[in-house]
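Enquirer: Residue 8 in UniProt numbering sits at position 8 of the sequence shown, with consecutive numbering throughout.
By construction, these hints were calculated from the structure, which means they are not laboratory data.
Errors might be hidden in some of the hints.
[To be verified] Label-pair restraints from in silico Cβ distances:
(1) Gly155 x Val75: 17 to 27 Å
(2) Gln177 x Leu69: 23 to 33 Å
(3) Lys149 x Gly181: 42 to 52 Å
(4) Val192 x Pro139: 22 to 32 Å
(5) Asp54 x Val192: 23 to 33 Å
(6) Ser63 x Lys149: 41 to 51 Å
(7) Gly155 x Phe115: 31 to 41 Å
Quick reminder that beta carbons are idealized off the backbone N, C-alpha and C, glycines included.
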Amino acid sequence: MTEKLMTAKAQPSPQPTTDQPHPALKRPWLLLLGLVLVALNLRPALSSIAPLLDTVSDSLGMSAAEAGLLTTLPVLCLGLFAPLAPILARRFGSERVVMVVLLTLAAGLAVRSLFGQVGLFAGSLLAGASIGIIGVLLPGIVKRDFPHKAGAMTGVYTMALCLGAAIAAGSTVPLSQYVGGSWQIGLGFWLVPALIAAALWFPQAREVHGTHRDVYRVRGLLRDP
Numbered sequence: 001m002t003e004k005l006m007t008a009k010a011q012p013s014p015q016p017t018t019d020q021p022h023p024a025l026k027r028p029w030l031l032l033l034g035l036v037l038v039a040l041n042l043r044p045a046l047s048s049i050a051p052l053l054d055t056v057s058d059s060l061g062m063s064a065a066e067a068g069l070l071t072t073l074p075v076l077c078l079g080l081f082a083p084l085a086p087i088l089a090r091r092f093g094s095e096r097v098v099m100v101v102l103l104t105l106a107a108g109l110a111v112r113s114l115f116g117q118v119g120l121f122a123g124s125l126l127a128g129a130s131i132g133i134i135g136v137l138l139p140g141i142v143k144r145d146f147p148h149k150a151g152a153m154t155g156v157y158t159m160a161l162c163l164g165a166a167i168a169a170g171s172t173v174p175l176s177q178y179v180g181g182s183w184q185i186g187l188g189f190w191l192v193p194a195l196i197a198a199a200l201w202f203p204q205a206r207e208v209h210g211t212h213r214d215v216y217r218v219r220g221l222l223r224d225p
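Model the full structure from these sequences, guided by the hints.
Expert: Okay, structure coming up:
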């Protein structure tokens, strides 16, 4: 009986699956460039709002509580929507999900700038949800497609992430002042790099991958001591 139990534990149970690794990385430089540009876009939506918060609050007549919620909402969405990432990846493939969610991020940034206070909150929610989903998928793609350089590629990804945050935090106010003090343009500008990243990611989204790959379940990880 003990031997049977040990044998059963040794055999992995079938799990829902996602993409196979690329059969061949024909254009690794394009994949790397796409990963860097996607990573660059994972923080500007968050770091661009704080420097303009007083201007936005005065323009829309927001209370202190509403202003605080505006900065907190996208951060909350990072955690709330992250569990959707593996579900979507199993169904559609990681690359395709990243592509669609990048476009959703750009749409959220546009809504945030164009539709007043309601649009500001709705766009922030869309942006935070998009960042939460991509932030789960991108490290997995890095480890899958660069298995022998995962450490170095993860470092590049992290550097791009921090660089995007710093650029947005430091340039949003000057950009807004350059266009006549329009906070809408200052915030909306960041949809442009998101669209550029989506365009360069498109070749990855077109790749057809298999559907047999091990998936780590969040539930199992939470139970692991």
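Enquirer: Against each hint, give a clear statement of whether it holds in the structure.
Expert: So, going through the hints one by one against the coordinates:
| no. | hint | result |
| --- | --- | --- |
| 1 | Gly155 x Val75: 17 to 27 Å | holds, 24 Å |
| 2 | Gln177 x Leu69: 23 to 33 Å | holds, 26 Å |
| 3 | Lys149 x Gly181: 42 to 52 Å | holds, 45 Å |
| 4 | Val192 x Pro139: 22 to 32 Å | holds, 25 Å |
| 5 | Asp54 x Val192: 23 to 33 Å | holds, 24 Å |
| 6 | Ser63 x Lys149: 41 to 51 Å | holds, 49 Å |
| 7 | Gly155 x Phe115: 31 to 41 Å | holds, 39 Å |
Checked against the numbered hints given earlier, the structure satisfies every one of them.
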